[in-house]
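Novice: Protein sequence lines, in the order shown, are assigned to chains A and B. Quick note: the first sequence uses our numbering, first residue 30, plus one each step. Quick note: the second sequence uses our numbering, first residue 247, plus one each step.
Be a bit skeptical, because a hint or two may be false.
[As the list claims (entries may be wrong)] Simulated pairs of lysine to aspartate or glutamate, EDC-like, Cα-Cα distance not exceeding 20 Å:
hint, chain 1, residue 1, chain 2, residue 2
1, B, K593, B, E406
2, B, K365, A, E609
3, A, K564, B, D280
4, B, K457, B, D430
5, A, K571, B, E543
6, B, K514, B, D524
7, B, K525, A, D532
8, B, K457, B, E543
9, A, K520, B, E543
Treat the hints as calculated values from the structure; they're not laboratory data.
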Amino acid sequence: MSVAAQPLANDHAHEEGHHEPTFIEKYIFSTDHKMIAKQYLISGLIMGFIGIAMSMLMRLQLAWPNETFWIYEVLLGRFGEDGVMDPSIYLALSTIHGTIMVFYVLTAGLSGTFSNLLIPLQIGARDMASGFMNMISYWLFFISCVVIVSSFFVEAGPASAGWTVYPPLSALPQAIGGSGLGMTLWLVAITIFVASSLLGSLNYIVTVLNLRTQGMTMTRLPLTIWAFFVTAIIGVVSFPVLLAAGLLLLMDRSFGTSFFLSDIYIQGEVLSYQGGSPVLYEHLFWFLGHPEVYIVLLPALGIASEVIATNSRKPIFGYRAMIASILAIAFLSTVVWGHHMFVSGMNPFLGSVFTFTTLLIAIPSGVKAFNFITTLWKGNLQLNPAMLFAIGLVSTFITGGLTGIILGDSTLDINVHDTYFVIAHFHLVMGISALYGLFAGVYHWFPKMFGRMMNKNLGYVHFWITAVGAYGIFFPMHFIGMAGLPRRYYKFTEFPYFDDLADTNILISVFAFVTAGAQLFFVYNFIHSIFYGKKAEQNPWKSNTLEWTTPVKHIHGNWPGEIPQVHRWSYDYSKLNKEETDYVIPGQDFVPQNVPLQEHEEEMDD
Amino acid sequence: MIALLIIIVAALLGITIWQISKIFKLSQPIESDDSQIATNKDNEKQGKLFLVFIVFLYGLMFYSFWSLSKFYVPAASDHAEDYDQLFFISIGLIMFVQVIIQFILYWFAYKYRGQKGRKALFYADNDKLEFVWTIIPVITLSALIIYGLFSWSEIMNVEETDDTLVVEIYAYQFAWRARYSGEDRTLGEANVRFIEGINQLGVSETDPYAKDDIITTELHLPVNRPVLFKFRSQDVLHSAYFPFFRSQMNVVPGMTTQFGFTPSITSKEIRNSDYMVDKVRNINEIRENNDNLGPDEKNYEFEYYLLCNKICGVSHYNMQMKIVVETEEEYQKWISEQQTFGELTAKN
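Isolated chain A, as found in the complex (with noise of 0.2 Å):
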């Protein structure tokens, strides 16, 4: 693939100025790892704005549960008439929520759009290994999100059977009307995002292991590059088992098989399943579904790091440690998955392992914590807006990743298990921290995308508010499911014992709103800045990364002339010379990578 790639990115860079791509071929079935980026993440932002939006009217269901609002009636249609929500749209909308936000925004958005215009650029390739397989796994993506939302078009509803679609829920459309044809919609969404993501994870491996430019040792990657690197192959291992598992199921729903069903009577008539179980699904769903965290977090971890060694100007603390870190990582997160079955009925033996593995996973995730903090110790911040995001994500990461601790532990998780505990604790620590790792890529590479610079003051508005906003909904929320309080309830009214609950969930709901809100500024930013922003400098947050030798204009080929060559590690930054006298590089401050080694200097990278 590589010998293939390589000279056809060569007679790109010949043939420059000689044709002219067309509206099409440039914007829409383009082939340039730099636009499906940004299709990726535009794309990713409009699901995201699907997502949130439906958690907005969850959150105003949970706060006044027995009041009406017109929203519902203009949103929902008939499952919202005379402003009443609907009790199984509630399902269908923390179905969807969960979807998107994991798979659509978190996976595709974050990973897709980052690996995408990342990769290429900072390990000095012209392209991707296969740009052809690229663009598919993008157009791929885009049907998913087509045929997930059109599901809420569908009469009985979208998928309701929450985002785990555990059968039988999810198998019989006697159980619940979203299982019909929306279940079927969800299905098919899940297979081709599968698809996607397998092509590009693949795509993602070959190019980093082979494309390569002289010099670029794999100790001398740039810490995202290594984070996407093992997220797409986590993946590559993980991804294969959802689709197994969907297909079992849709075996299930339309041939009459029994992998997941056995033993089931309902509306009145015994159904012919038998000798399925339904704990088999849950053990491949989670195969998948908890490596898909870590699919989700390391990329926003690995953004981290590039942000905040720059704008530091400090060298990432513990370069090896971190690399160690997310392999070990990405080992043990498929071998976890049992932690989100404890109380499922499967062995009770079982459950001691996964107690076992889960709380280990904290060692590394605690090193690359504390080396987050010690890259901060005596640098020279510069605070910009995705300097604050990451700090922030560092932060919801420490915070989300303790109750992670109760969770894990087998027998705590006993009177928490499902309910807003959890709820609470993973929005942090993979929600609110990925979202950051975002919102810090975005902000980082706006200008390597669009050529533009971001407002800086609308991105602090827009980072403030954010994080007031997402403590002020998580944290108290760790106590109403402290309290009992289960998940995916329509309301709580049904027992009085929660009456005393409902103002916290008010509070929380206020959170919501104003955090949501707060997002528009980004939304503003986002739009106006890609027309209207500042030009950007070519490296205009000095760093060291390669992606920042490339001229501000895009061209395919990435390089006008010769491939750089790398000479040094990506964390040259505040190195001083031999005497101590000034840095390596008199009067600045950092020494990008294509630079070779000064006289007398010597390489920090073993």
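We have chain A; now place chain B onto it with these hints.
Specialist: Below, chain B without anything else, positioned relative to chain A:
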């Protein structure tokens, strides 16, 4: 409380509007330096905002513990004490780490905010330091893991003794049933394929052990007697969640799952505990002011409950069963008044 919330809402909205007006002013590119890269002034201001944020974050954590931790579910079973101890130790530990680490993070963000002329320290590695913060979590987590595993095996490996009460909890969309094994202390065979007419749980009418089984819509448990629950579902996944007894188990169609605990506080006792008296009084005040409730719904009296905690369909939010924990005598009296399965089927 509501007033406080309204004030918070109003304040936040006020801040938002104030910020919006400011932003639009700020977003006008009139300044001389509009490079959109953080300047010295920005670093100064944002660094200080991190300090303000520490105050907010610690205030929020303090508020949550101060006024929300009272919602923690009171315990009413034998192993709940063990559970709570492990829970509080873990919470204590993670909050200890949280309070220190978050402070360091934000303090560094403030302290090392960029200044013109400041030189960052080129500091790439320190094996000793990294060893320290690998080994400390290793030790702490090992201790937690071992503690947790002991509790886990104790809770999960229920031994059936002569004293154990075996009860089947049967789940369907959207309610629960309890089936007691009766005098022979053995549950009769059951399968969804036997469901017919009044025999809603699919208990085998030919199995002699089934004759004296007792099916009820309320769960009554004698205090201080171990109970072993056998869970069965007829349609989709449910989860039998007994928050007060620190117990939860999924109910899976096609298989039987189990969980055991020993209730240690009767309904009457817990109702009269200081905690519950306060809580119920508060709830009744809220209900008094709730216009959506009919007059007969206003007065709430605490009962233990079992609820469904695995998404199971549209009425998932209202799948509950009342639990009564009572003395052995009260229990015996109650159970003797219930109809057996044999009597139920004989009537038809």
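Novice: All hints are to be evaluated individually against the structure, with a verdict given for each.
Specialist: Consistency of the hints with the structure:
1. With a CA separation close to 34 Å, the supplied pair K593 of chain B and E406 of chain B exceeds the 20 Å bound.
2. Between K365 of chain B and E609 of chain A the alpha-carbon distance is near 12 Å, which keeps this suggested pair within the 20 Å criterion.
3. A hinted pair counts as satisfied when its Cα atoms are at most 20 Å apart, and K564 of chain A with D280 of chain B qualifies at roughly 10 Å.
4. For the suggested pair K457 of chain B and D430 of chain B, the alpha carbons sit about 9 Å apart, so the restraint of at most 20 Å is met.
5. Between the alpha carbons of K571 of chain A and E543 of chain B the distance comes to roughly 67 Å, so the proposed pair goes past 20 Å and is violated.
6. Proximity of K514 of chain B to D524 of chain B is assessed by CA-CA distance (about 15 Å); at most 20 Å being required, the pair is judged to hold.
7. Using a Cα cut-off of 20 Å, the hinted pair K525 of chain B and D532 of chain A holds, with the two alpha carbons roughly 14 Å apart.
8. Straight-line distance between C-alpha atoms of K457 of chain B and E543 of chain B comes to about 38 Å, which puts the hinted pair past the 20 Å bound.
9. Restraint check for K520 of chain A and E543 of chain B: satisfied, since their Cα atoms lie roughly 17 Å apart, inside the 20 Å limit.
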